[in-house]
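Using the hints, position chain B against chain A.
2 protein chains.
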Amino acid sequence: MTMAKGSQPFPRSEYLRRLTAVKAEMKLREIEVLVVTTPANITYLSGYTSKSGYVPQGLVVSLKDEEPTFITRRMDGPAAIHQMFIDRGNVIGYPEALIANPERDGYDAIIEFILDKGVGRKAIGLEAKFLPALTVAKFKSRAAESKIVDCTNAVTWIRGLKSDLEIALMREAAAISDAGMLKAKDVIRSGVREADASAEIIAALVRGANGKPGTDVASFYLCATPRTSTCHIRWTEDVFQQGSQINLELSGVRHGYTSPLMRTFSIGKPSDKIRRLHEGEVAGLEAALAAAKTGRTCSDVAVAFNTTLKKHGFEKESRCGYAVGIDWTEPTASLKEGDMTVLRPNMTFHLMLGNWIDEDTGYVISETFRVTDAGGEPFTEVPRELFVL
Amino acid sequence: MTMAKGSQPFPRSEYLRRLTAVKAEMKLREIEVLVVTTPANITYLSGYTSKSGYVPQGLVVSLKDEEPTFITRRMDGPAAIHQMFIDRGNVIGYPEALIANPERDGYDAIIEFILDKGVGRKAIGLEAKFLPALTVAKFKSRAAESKIVDCTNAVTWIRGLKSDLEIALMREAAAISDAGMLKAKDVIRSGVREADASAEIIAALVRGANGKPGTDVASFYLCATPRTSTCHIRWTEDVFQQGSQINLELSGVRHGYTSPLMRTFSIGKPSDKIRRLHEGEVAGLEAALAAAKTGRTCSDVAVAFNTTLKKHGFEKESRCGYAVGIDWTEPTASLKEGDMTVLRPNMTFHLMLGNWIDEDTGYVISETFRVTDAGGEPFTEVPRELFVL
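Sequence order for the protein chains is A and B.
Here the first sequence is numbered in the numbering used here, starting from 4 and rising by one per residue.
Here the second sequence is numbered in the numbering used here, starting from 4 and rising by one per residue.
Hints were generated in silico from the structure; no laboratory data involved.
Computed from a prediction, not measured in an experiment: that's the story for all the values here.
Wrong hints could be hidden among the right ones.
No distinction is drawn between identical chains; accordingly, a pair holds when it is met within one copy or between any pair of copies.
[Claimed, not checked] Straight-line C-alpha distance at most 25 angstroms; calculated DSS-like pairs for lysine-lysine:
{"id": "1", "residue 1": "Lys54", "residue 2": "Lys186"}
{"id": "2", "residue 1": "Lys125", "residue 2": "Lys150"}
{"id": "3", "residue 1": "Lys215", "residue 2": "Lys188"}
{"id": "4", "residue 1": "Lys132", "residue 2": "Lys143"}
Here chain A stands alone, though its shape is the one from the complex (with noise of 0.2 angstroms):
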């Protein structure tokens, strides 16, 4: 017996228009073999989600091949067999010899199949921005015959135009999203600690929503008083307080999509300012959404969003959101003024407001919505309020 597929969260029709986009990139660069080593983009073009991304591995893109070939650890070869489309034959594990070893890594192994294929003069192009200059080198010295071209988020470009398949997934963790936030809103009290009520969220976006589990745990912050002005922290050991103000940024997952949310909650009465600040970020964040048409630009949503902010009287020095998708954020088109990426259907965005003014104060919203004819329509049903509880 050997391992066999699992069951697929899309069609092998959904991925071959997949690569044939990527391909067609390709003939634009006159590439003949790309090396896609961003964890997301190979989700994407193969439906791989385990996670082995922190040893070397590769999924090769050949013009003349239809299927790619997935080169990654030995012991992770069982879970690329099961998880992607492709053919068991095109899942090479290479060897344990390669792992910690100073002198060859599995990059050498990428290498040598892609000079086995005879790939001669022809260019390879990798995702050079986010590999380690030694492999880059390594690239360059062994096969030294082709050209090494950079095609950095060449890929992830693709994967910003999302098809109703991957909507349909997206709108499936917008919906653990909004289950995980609708469960803080139950958890969060005087008396309780963080971490309680942390597990208790966490826990809601793994069980997920409408008989549909999360699939990982995705990135979860929790910045309560006296941190509301931090962004990026998980939770302390801190009790919540009469008086508390909690910023909480979350998303469900499913096979790899995101649909991040942010919401801020008192415990109590909100501050004025807090309160003034939540009824102009919500304004902002409606002149957004209507912005976000087809055919405008990310720059014109964020000049909606910033006018319109500015009349309440605040500003927001960061970007107002980002493309999503993925493991969360594409590294492609942002939401900010001089962002000239013209919108599409089915681009999706995480409009994030969060607003971290000084260091005593931080206010947090956000949705998570796909471009259409009429402006952007968000995934996430749980209502624009500053909860107070």
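This is chain B only, laid out in the frame that chain A set:
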């Protein structure tokens, strides 16, 4: 009012001790300034555990200054002031304009800080192996007068030898690992979804043990029938069945410190093969711990395990473990044949005996231990059983 210091997991003297060791290494390598960018090394030298490492940040250790300086995105400054032992004046926030900007990023802010310090022709150390090629190139071109020296793992090797204060935190993490594993024993049963069991176990890891909550969610793997030959998947939507085998890997976390633990569960009677493998692995585990004495080598520990397992009719391809501490794996010493690292008291390892023999057979057991003169002393107390549920 400004952001106050939070409660610190270590006294200032402990951080200064660590910095003294780092500076001694810098002098040996004739480096004036070391830029620490690995998140675990930043935690080690400052107490910072906020998750801001997805954008550029660096802890700059200079021979001239007692305290290091942390250069981070401005919005992450308050968390650094709160968590780090250093003076608030040594936290420098760079502006939001350096985010999602193809021309300049946070590394430019770090380089400018170093140039302003007047490093001149002296050497700058980088953890180059983990930095993108373009970042290393930027240091070389912008600090053209200075020599750039690769110091990858220099701090990590120092980190390998724990203080008693660190061991105490790892014991707290281990108590949480124990609690998580005992929770697994309670909740894994026929008819339960993998995801629902995972939700309960992860919640237990966050709630913690002995009044000390987990401070983060570490990586978590639940690989159940028919996926027992996989090692790095989270969980699935499947329901446990009579006859299911479950391989579990988890860890509690205390202020960054982990103590990983693995156990195998069987719902109903396990196969004879798994039973025999379990016996061989437990015998090997005991032999490895006995060998893990001060003055012996990593290789000796691996030989002890491998020889014992072979006597039981099995082999394990992958290494028997690795140095462990903040953020799980330390990429330095490996428990494998040929690694001649000499064991010293309070080195800590994850004796990782997961054995994925073929596509049908995988079994896991592991313990995290410290080296003593009398052998490896495990931190966890869960029995070395193949749990039959």
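Structure-based check of each hint:
1. Lys54 / Lys186: For Lys54 and Lys186, only the inter-copy Cα distance (23 angstroms) is at most 25 angstroms; the intra-copy one is 28 angstroms.
2. Lys125 / Lys150: Answer is within: at 7 angstroms inside a copy they meet the 25 angstroms cutoff, but 35 angstroms across does not.
3. Lys215 / Lys188: Result: close both inside a copy and across copies, 21 angstroms intra and 24 angstroms inter.
4. Lys132 / Lys143: Answer is both; intra-copy 15 angstroms and inter-copy 16 angstroms each pass.
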